[in-house]
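Chains as they are written, first to last, in my numbering: chain H, 1 to 328; chain P, 1 to 328.
The hints are simulated quantities; they were obtained by calculation from the structure and are not laboratory data.
Don't take every hint at face value.
Identical copies go unnamed one by one, so any copy, or any two together, can satisfy a pair.
Unchecked claim - Below, simulated DSBU-like cross-link-like pairs (lysine-lysine); rule was C-alpha separation at most 30 angstroms, straight line: (1) K318 / K75; (2) K198 / K318; (3) K198 / K75.
Remember, predicted model here, so these are calculated numbers, not experimental data.
2 protein chains.
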Amino acid sequence: MRTPIRIGIVGYGNLGRGVERALTLNPDMRLIGVFTRRDPASVATLSPSTAVHPIDALDAQTDDIDVLILCGGSKSDLPEQTPALASVFSVVDSFDTHARIPAHFAAVDAAARAAGTSAIISTGWDPGLFSLQRLYDEAILAQGQTYTFWGRGLSQGHSDAVRRVPGVAAGVQYTIPSEDAIARVRAGEDPELSTREKHTRECFVVLEDGADADAVRETIVTMPDYFEPYDTTVHFISADDLARDHAGVPHGGFVIRSGTTSDSTAQSMEFRLALESNPEFTASVLVAYARAAARLAHAGDHGAKTPFDIAPGLLSPKSPEQLRAELL
Amino acid sequence: MRTPIRIGIVGYGNLGRGVERALTLNPDMRLIGVFTRRDPASVATLSPSTAVHPIDALDAQTDDIDVLILCGGSKSDLPEQTPALASVFSVVDSFDTHARIPAHFAAVDAAARAAGTSAIISTGWDPGLFSLQRLYDEAILAQGQTYTFWGRGLSQGHSDAVRRVPGVAAGVQYTIPSEDAIARVRAGEDPELSTREKHTRECFVVLEDGADADAVRETIVTMPDYFEPYDTTVHFISADDLARDHAGVPHGGFVIRSGTTSDSTAQSMEFRLALESNPEFTASVLVAYARAAARLAHAGDHGAKTPFDIAPGLLSPKSPEQLRAELL
């Protein structure tokens, strides 16, 4: 495809902004516009030349867009938007509610097959790149155990939980993988690791005036599911410190498999991400899979797909000949 | 495919032995036999039940074998064997002479297309898994630099070079990645690294009776291409020490990409292998790609492929539904 792949962005939060930025690094793609449920006049894009349209305007753009990159949330946006939009456009999303992936896949697959579009769901890094790694690991080292560790990284869900605690004015939460647990896995011990042994949690909290620090700490560390199963540390800091030191959205983690190929022969595979911006990285993955979606659509390969179904070469702007000569 | 995938092994050195062993860990596959240019009576397989045939016997087995796993060397075996056998069977190989991959691909592709077989070349880990990582890295982080480090590992080619030095009775060579260079890459410095800065080389040498150690050391460390561009250390040890401490075939390495998604936002991806047995691990990769080759052949997707062309899901014995539910 010599002509640029024409992209629409649906939803414009941190992820949509990341996609707008990532597209500037990929000259084989062109951004047609941002489509939003908000008042377009209220949306300030990174580039002043980016067009912003109400989401209903998509109906009139079916001939102008090759792939829509869906940047809504997995909780309520994507379960509706991905199947609905796959009925008209080829799409990619980063749906990340693990337990609901089979249902989401089925809904998107039905819509995309009926419409003759190509839809790639659950791109991103977990699900996404980490899932790929788990698959390669297990397919190659049939005998072994795979471990996933997350962090050090900002967890949006846990930060929200902290901010809902009475007496908390603002705060963030970091998930931290246990160095000790990682060392044991790398050493091939195949440990059974409890939730508490794999990760710790660290909170930075700004108190409301007059709030009781001890009571806030106690409410946080005993919160079921969110913090109780972990060793949690709570730091109280000023609003200025929070703004200065905790404005970023770092994340990352490890997928490690240790296995054996004969009695005493240990083999280990490890994949690591260290991200200063989780949304900008996730956006970069979405953009690479949008390239694959455009190629699938072009080839008439319709229906829902996940990263497991996508030949790696489809993600690259390079030709197969170039890839074999330069990267193999 | 409910019935097992029927596999033939061509060539029975360390790699062929590794494939025989790996197949025992993959119950969806069945070994039909080993095919060798040697006298079959002289080949001692790991399992006494493994059939060993002269390579010419393949002609009579075209209906009994789904995929041949080619375990010969890249220098003289595979350039002839892979195209010749792809004219009759679906095949996988681990052809690893980077510069000759385009020519090898073209020869195998012509043979496989004419015969209606599926051939996957250059599986293994480099080329192979490391190549895949370089591709994912570059497609996702469009702006950045990718580094490959090898080791700590036994290099067969460099060990052979050491053993050819006059006065050397036996010896091995390890390639060692520079910890300092890796640290600079991980820190996102994007360093320009010379050959000497990336890896060092360490040799363990048993001298012949009466050989001059200083002369041997000098010949090794000044050897053009092999050792001159590196900082090389030579240790002289006894034949007993060599047998006790250096009988294994460890290898591994890192592929690291550090990139940015906006002005000051660093992102890094890292893939690492730590292998106690290079041939057993390479064999495990070959077996996973043999599964993919059988599925391609079954689906009528003929011609030559590389790991870049293989959707990850084809490597796994699990169904797409299982993969989405369990690993995504």
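Quick one: K198 to K75, C-alpha cut-off 30 angstroms, is that within a copy, between copies, both, or neither? within (26 angstroms within a copy, 46 angstroms between copies)
Is the C-alpha distance from K318 to K75 at most 30 angstroms within one copy, between copies, in both cases, or in neither? This pair counts as between: shortest inter-copy Cα distance 28 angstroms, intra-copy 35 angstroms.
Between the shortest in-copy and the shortest cross-copy C-alpha distance, which are at most 30 angstroms for K198 and K318: within, between, both, or neither? Classified as between: cross-chain Cα gap 27 angstroms, same-chain 39 angstroms, threshold 30 angstroms.
Hint compliance for this structure: no hint is broken.
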